[in-house]
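Each chain, written out:
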Amino acid sequence: MRNTVSTKSLALALAGVLAAPAHAAGGGELVIVGNQEPQSMQAQVAHKEVNGIGLRNVIEQLTRLDPETNEVLPMLAVSWEQIEPTVWHFDLRDGVKFHDGTDLDAEAAAVSINWLWSPENSYPVRDMMGPQITAEVVDEDTVAVITDGIDPLLPRRMYLGGITSARQILEEPEDHSVNPIGTGPYVFDEWKQGQYWTSTANPDWWGNSADDTYGEIFYDSVRVVWRPEALVRSAMVESGEAQVAMFLTREECDRFGAASGIDCMVKGSDTFLQFRLDYQGAHPLLQDQKFRKAIFTGINWEGIRQNLMSLSEPLAGQMLPSVATGFADGIEQYAYDPQGARALVDELKAAGNEIPTLEVTTRLGSTPRNGEMIEAIGAMLGAVGIPTRIAVEEPGIFNPRAVAKPTPDRSYAWLHVQANPLMDYALTFGAHYTCAGNVSVFCDPDFEARANAAAELTGDARHEALEALVVEGHERHIVAPVGLLQRAYGVVEGFEWDFGVDHRIVAVNMRETK
Amino acid sequence: MAVVDVKADMQSDQPVLDVRDLKVTFQTPRGHVHAVNGVSFHVEKGEALGILGESGSGKSVSVGAIMGLLESPPARIEGQVNYRDTELISAPASVTRSIHGDRIAMIYQDAITSLNPSLTIGNQIGELFKVHRPNMGRREIQAKSIELLEAVGIQPARERVNSYPHEFSGGMNQRIMIALGIALSPEILIADEPTTALDVTVQAQIMRLLGDLRGQIDMALILITHDIGLVAENTDRLMVMYGGGPVETGPTDAIIERPAHPYTIGLLNSIPHDDMKGKKLIAISGSPPKLNEMPKGCVFAPRCAMAKDMCRKEIPVMTRIAPDHSSACHFAQEVVDG
Amino acid sequence: MIDETASTTDDTQRDASIGYRDIIRALVRDPLVLVSVIFLTLLILSAIFAEIVAPMDPLIPNIFASRLPPLSYATGLDGTEQLHLLGTDALGRDMLSRLIFGARASLFVALVSVFVSGVLGTCLGVIAGYYGGWVETVVMRAVDAFMAVPSLLIALFVLFIIGGGLVNMILIFALVRWVVYARLARGITLSLRETQFVEAARAIGASNARIMLRHILPNMISPLLVLATLEIALLVLAEAGLSFLGFGLVPPEPSWGLMISRGREYMREAWWMITLPGLAIFLTTLSLNLIANWFRAVMDPVQRWRWLM
Amino acid sequence: MKINNAFFAFILKRLLNSVILLVIVMSLVFFANRQIGDPARMVLGNGASEEAVLNLRTQMGLEDPMSQQYGRFLYGLATGDLGKTFRFGLSDSVRAGNDANALSTLPIAMDRLPATLILAGATIIFSVLVALPLGLYAAARPRSPPDRAIGVLSLAGVSIVEYWFALVLVLVFAVQFAWFPTSGYGTVAHVVLPALALSLRPIGRITQIARSSLLDEMAKPYITAAKGRGIPMRRVAAVHALKNAAIPIVTTIGDETINVVTGVIIIETIFGWPGIGALTVDALSIRDIPLVEATVFLLVLMVLTINLLVDVAYAFLNPRLRIG
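Residue numbers (my numbering), protein chains in the order written: chain A, 1 to 514; chain B, 1 to 338; chain C, 1 to 309; chain D, 1 to 324.
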């Protein structure tokens with residue numbers, strides 16, 4: 001905490017000498033404790049909050065989502081228009097400067113967008129991309145974003161892509177990984193690897209004077225620290241070392257609620273837990289609906305959700321909540337039916353099938369208690385006569401396996417979290433229900449063609465087309481949804497914070513009232 | 001065999017050391033072991049007393065008790081050890097500390113292990129002065145240490161005073177031990193097997209050195225050994241020990257000329273002699289008794305060629321066969337007359 | 001001639017041989033060590049007979065009876081009311097049963113690793129010490145190399161590459177720990193090689209193998225036992241450490257290390273989930289350490305009398 | 001103190017040994033690491049095409065013969081270049097070439113060295129300050145009640161699961177009493193809890209060894225001889241026995257320092273201590289192989305340095321070694 005005093009005094013000095021007009025500040029330092037250190041400070045990291053906690057205080061995007069309605073709102077772009085089916089024009093906000101003093105003009109935006117989504121860089125943000133995205137300059141204030149195919153979700157997708165200094169990208173690309181230069185309300189200060197990263201309030205932030213700003217600077221500076229141990233994170237809020245501790249468990253949350261001086265904030269997220277089971281190309285039995293049904297109904301999903309995935313909302317037998325485009329009414333979670341599952345397995349055995357040993361894995365630390373969950377899954381499947389081998393794997397092992405396609409000697413399932421910040425089933429299908437999908441083990445050209453067609457539709461047509469596919473996916477036992485994650489934060493008492501299902505740690509939406 | 005004249009005026013003064021009925025018992029898992037079983041002796045000023053015995057005879061334990069080296073428990077010490085007017089067994093540590101090393105000094109069997117390997121010999125000698133002569137200055141101590149090393153024949157002393165024990169040979173280390181022993185001009189020097197670990201030629205040098213030094217500083221010597229030749233050449237009086245107690249005491253010459261205990265005879269027979277040329281050496285048959293399995297009667301009976309029924313039943317007491325000469329044998333007179 | 005072995009004050013105290021009786025007598029006089037022996041005996045017996053001793057299945061979850069504190073009753077899967085003496089874990093599995101089965105896994109890893117590394121290390125150490133020459137050079141160089149790098153670091157690194165699990169873990173522990181036995185065995189062999197009884201055996205034409213097996217090996221049993229006991233304690237702890245990092249045993253088989261590592265998250269709300277396996281590890285390693293310490297003292301001729309008293 | 005050529009020859013030999021060992025260990029690490037997956041795939045992420053992966057493999061030199069790769073590795077080892085981190089992905093690790101210091105793994109790992117040295121140093125100093133008096137106090141009165149209590153406590157210290165104890169420390173001293181910060185780095189107060197968590201084992205071990213080696217020394221003839229010269233017990237123990245007992249104690253302190261260097265891997269992670277240990281865990285979890293190599297290199301280097309220091313300490317404590 002050695003910077004506390006100096007930063008504070010600097011901010012006070014700025015406030016006093018320059019008397020920055022609409023710059024409220026004075027809230028001191030905001031300390032946020034997350035669970036892991038960002039691996040880099042690249043603009044692309046900002047697409048997922050957990051990958052780069054707090055980075056959205058520094059980097060902004062063309063669009064943003066309304067925390068209440070999830071509707072797309074202007075941010076660095078004040079308006080946009082679909083000129084052609086695959087061409088969108090974004091009108092940039094005037095007078096916005098990057099933290100290095102360069103202007104945000106169409107040229108800069110185009111460089112940044114092309115850098116972010118480029119196949120050469122191969123950033124993970126591309127998992128969130130539909131058709132390939134490229135950008136061109138139209139005029140000084142207008143940038144054109146061109147997609148290879150029709151993508152009605154583009155303005156929403158633009159909310160994932162951080163815009164950073166073009167000068168840095170062109171002149172010092174290696175600096176891009178460690179020194180983010182955005183347009184946001186906080187200016188990146190220092191990333192002390194292994195310890196923290198800090199940023200200081202930006203007196204020249206456009207949002208200080210804009211009518212359609214999305215918050216107000218309260219804190220003078222933001223410090224993000226990380227502790228992998230949940231116990232240490234909550235201890236930091238209890239001891240007053242941090243105002244916000246991320247990812248509490250329900251029990252901790254209950255305790256925080258009951259204690260004085262600290263509070264717990266809980267909210268549903270855009271991230272769901274799912275069980276993916278090898279399909280096409282895998283062990284032949286896994287392509288048998290009976291066997292898949294035996295697996296999907298041999299697991300007590302609701303028991304796991306309630307007791308292990310303690311902070312969660314039920315999913316109605318599908319991946320996304322009811323607000324999502326394509327949500328299908330009337331589907332229910334696969335019901336737990338051990339007798340039925342057992343009977344199916346016995347039937348398969350009687351028919352001369354040898355039941356393969358199912359390998360069930362999950363990624364170390366992807367969600368709390370996932371280790372216990374796969375233990376439960378293993379034991380439940382064992383009880384209906386399906387042998388399993390379970391493993392909690394570190395990312396280095398898990399990730400490559402997650403993208404490898406099934407082979408006939410493989411019978412593999414994973415339990416993993418998946419975010420759908422767009423709240424649209426097209427994204428889910430693209431990833432999980434298509435032959436080329438990054439993590440897809442399902443491959444049905446007919447299904448895929450219908451999914452691609454649906455992705456190009458808009459309005460009710462889109463919703464209905466996607467809904468039909470959701471129902472079909474449910475019946476074909478493609479992926480089992482487990483639950484929608486809620487995330488809980490330990491905060492100091494009197495902490496106010498507006499945030500949406502994307503759970504962005506944005507300091508201008510936070511303040512302390514005590 | 002060289003014969004040393006007996007000193008005529010032995011009982012002139014009060015003895016410097018008077019040991020009375022010393023008993024040392026060890027507690028062990030197998031019960032109590034009587035290592036020393038009532039030993040009494042005295043040492044006159046300037047005299048040389050030999051204590052002769054095999055290992056386990058109790059000779060080393062006796063001097064251990066005198067020097068306060070026995071850990072208690074397991075050792076239990078009874079009896080009296082009087083140094084002049086001070087009884088050492090019951091005296092507090094502060095008192096005995098000022099006597100041990102200063103008035104009564106001791107040198108040990110294995111010099112190299114008895115010197116601290118990680119301190120220079122100058123340090124070790126100097127320490128004696130620091131502890132016992134706190135008023136002495138640094139320079140004085142240094143000078144005195146060098147003088148001592150010269151006295152025991154370590155050359156060049158000025159340089160070697162800064163050496164470590166491992167840089168010397170065994171004989172040299174024994175000389176250093178002696179330097180430590182005589183540093184404060186003690187009245188009594190106890191030498192526990194001082195030459196056993198050394199070559200024969202070195203043995204002679206060491207004993208000569210001891211003799212010379214004794215002449216210079218009028219110091220009594222208690223020489224503890226199993227080597228009858230050594231006591232014969234270097235002591236005035238002798239105490240032969242066996243099984244934890246004395247079996248024969250008297251002037252060294254008298255004992256060698258007219259031994260009054262079968263054990264002493266056995267010892268004498270087992271060493272080569274000038275006048276024994278051609279004769280066979282006779283070893284004592286059997287082995288010394290285990291201290292926790294003491295025979296009932298005379299401790300030597302099981303190995304004694306002359307043993308009779310009585311010996312196996314009754315413990316013999318010290319009987320005087322000449323004014324200064326006693327033996328703990330039921331048949332002492334017969335043995336002498338032999 | 002008179003036997004002229006050194007006569008020291010210790011002679012009377014150093015009675016060469018002590019029997020079982022003395023050891024048992026000494027044991028009874030040292031209540032802490034006695035308790036340790038009893039505890040370990042019971043632990044090993046219950047680990048061996050876990051199926052009989054454990055009240056419930058350690059693997060089958062009873063998901064609606066999760067995180068019950070000790071002395072709770074819950075309705076089991078078969079519908080009957082069951083007492084969970086030490087509570088249940090996050091999946092509603094009986095803690096006591098899991099601890100008993102966990103003892104089996106944790107002790108099995110430690111014991112087998114110690115056995116393998118002990119046999120390997122002792123053989124190499126004795127051979128190196130006995131033959132000397134290039135054999136010794138090679139073995140001792142390898143020992144130096146292994147000693148230079150902390151064994152847990154090697155274990156961590158290798159398990160990172162080949163993955164955790166029972167067999168891998170045993171192999172790794174054996175690979176990194178044999179050196180401590182080799183060093184000890186070589187040292188003792190060197191000191192025995194030139195002794196009279198070995199010379200005598202050689203003189204009567206005993207083969208090298210026979211000398212090593214019959215004359216040298218028996219003389220290092222006590223120190224080896226002490227070392228092995230300490231090593232078991234070390235490996236039980238190591239298993240816990242590696243489980244923390246996710247490189248340990250593989251679930252669902254319960255092991256203490258896994259249980260304590262999992263219990264971390266519940267430390268404040270379900271203390272028994274981390275405290276009980278933690279206590280199990282603590283008591284086991286403490287008992288092993290106490291016994292090793294005591295045994296070493298009893299077997300040490302200088303210290304023995306103190307302990308036998 | 002006399003220090004002559006033999007002493008320097010001895011140290012030089014140990015130094016040479018250490019260098020050879022370091023090369024051997026790092027070579028093993030190199031070959032082992034080549035067995036675990038494709039670095040190019042890890043850099044590019046899951047979405048990249050086979051062609052792109054092959055392209056990068058060629059650029060990274062992974063398509064060269066193994067001997068050539070190993071030669072480069074050895075050259076890199078000699079020049080302190082252990083490769084570039086994977087963590088930032090392809091974007092710059094290839095494009096930025098050799099100039100980008102921010103990507104070289106050795107500087108990244110070196111940056112974490114001070115924190116680990118501070119923690120390990122504080123732990124060992126604290127342990128020695130506690131353990132030595134305890135051990136000597138116990139040795140002065142063998143088998144007395146205080147000795148037995150110290151004996152059992154020191155054994156308890158080596159029997160505890162370190163990270164469990166660390167979490168208890170956080171709950172008690174940071175949350176309950178609020179005496180120290182829960183975690184983090186920067187002030188003296190931050191060192192206390194992690195050092196305490198790490199010191200339990202060294203305290204236990206050093207106490208035991210201090211006690212037993214002093215007792216062993218006290219049973220030796222030269223001690224008996226010193227006592228026989230009327231040297232006070234206190235002085236006998238402090239001047240005579242302690243210096244000789246110091247050799248096993250120093251060995252143990254060295255061993256325990258090495259154990260602490262291993263122990264930091266877990267404790268640093270828990271306390272958010274920005275040292276080599278936490279970095280190792282990070283690098284392992286994302287399979288950032290060059291970074292793993294760099295951290296292992298530094299950890300092994302630390303261990304070898306500790307061993308060397310112990311050797312030097314021996315030479316000072318044992319005059320026989322010094323004169324050769």
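Since the hints were derived computationally from the structure, they do not count as laboratory data. Certain hints may be false.
[To be verified] Straight-line C-alpha distance at most 20 Å; calculated SDA-like pairs for lysine to any residue:
1) A:K405 to A:G382
2) D:K227 to B:G31
3) D:K220 to D:L317
4) B:K130 to D:K13
5) B:K290 to B:D85
6) A:K293 to A:D189
7) A:K514 to A:D498
8) D:K227 to B:S90
9) D:K227 to B:K290
10) D:K220 to B:T196
11) D:K13 to C:L217
12) B:K130 to D:R235
13) D:K227 to B:G126
14) D:K227 to B:S98
15) D:K243 to B:I112
16) A:K97 to A:D189
17) D:K227 to B:A157
18) D:K220 to B:I112
19) D:K243 to B:G126
20) A:K514 to A:G500
Hints, one by one, checked against the model:
1. Between K405 (chain A) and G382 (chain A) the alpha-carbon distance is near 25 Å, which puts this suggested pair outside the 20 Å criterion.
2. Proposed proximity of K227 (chain D) and G31 (chain B) is contradicted: the alpha carbons are some 28 Å apart, above 20 Å.
3. Distance hint between K220 (chain D) and L317 (chain D) is fulfilled; the C-alpha atoms sit about 18 Å from each other, no more than 20 Å.
4. Note on K130 (chain B) and K13 (chain D): the hinted pairing is violated, with a Cα-Cα distance of about 41 Å set against a maximum of 20 Å.
5. Our distance criterion of 20 Å between C-alpha atoms is broken by K290 (chain B) and D85 (chain B), whose separation comes to about 36 Å.
6. Under the criterion of a C-alpha separation no larger than 20 Å, the hint pairing K293 (chain A) with D189 (chain A) is inconsistent with the structure, at around 54 Å.
7. Straight-line distance between C-alpha atoms of K514 (chain A) and D498 (chain A) comes to about 17 Å, which keeps the hinted pair within the 20 Å bound.
8. For a cut-off of 20 Å, the pair hint linking K227 (chain D) to S90 (chain B) stands: about 17 Å separates their Cα positions.
9. Between the alpha carbons of K227 (chain D) and K290 (chain B) the distance comes to roughly 29 Å, so the proposed pair goes past 20 Å and is violated.
10. For the proposed pair K220 (chain D) and T196 (chain B), the alpha carbon gap of about 19 Å is at most 20 Å, so the pair holds.
11. Under the criterion of a C-alpha separation no larger than 20 Å, the hint pairing K13 (chain D) with L217 (chain C) is inconsistent with the structure, at around 33 Å.
12. For the given pair, K130 (chain B) sits about 11 Å from R235 (chain D) by alpha-carbon distance, which is consistent with the 20 Å threshold.
13. With a C-alpha separation of about 15 Å, the suggested pair K227 (chain D) and G126 (chain B) falls inside the 20 Å cut-off, and the hint holds.
14. The suggested pairing of K227 (chain D) with S98 (chain B) holds, with an alpha-carbon distance near 11 Å, which does not exceed 20 Å.
15. With a CA separation close to 17 Å, the supplied pair K243 (chain D) and I112 (chain B) stays within the 20 Å bound.
16. For the proposed pair K97 (chain A) and D189 (chain A), the alpha carbon gap of about 17 Å is at most 20 Å, so the pair holds.
17. Taking the CA atoms of K227 (chain D) and A157 (chain B), the gap is near 25 Å; set against the 20 Å cutoff, the hint is violated.
18. A C-alpha spacing of about 11 Å is found between K220 (chain D) and I112 (chain B), which places the hinted pair at or below 20 Å, so the restraint holds.
19. The suggested pairing of K243 (chain D) with G126 (chain B) holds, with an alpha-carbon distance near 17 Å, which does not exceed 20 Å.
20. Distance check on the hinted pair: K514 (chain A) and G500 (chain A) sit about 23 Å apart at the alpha-carbon level, beyond 20 Å; violated.
Hint compliance for this structure: hints 1, 2, 4, 5, 6, 9, 11, 17 and 20 are not met, and every other hint is.
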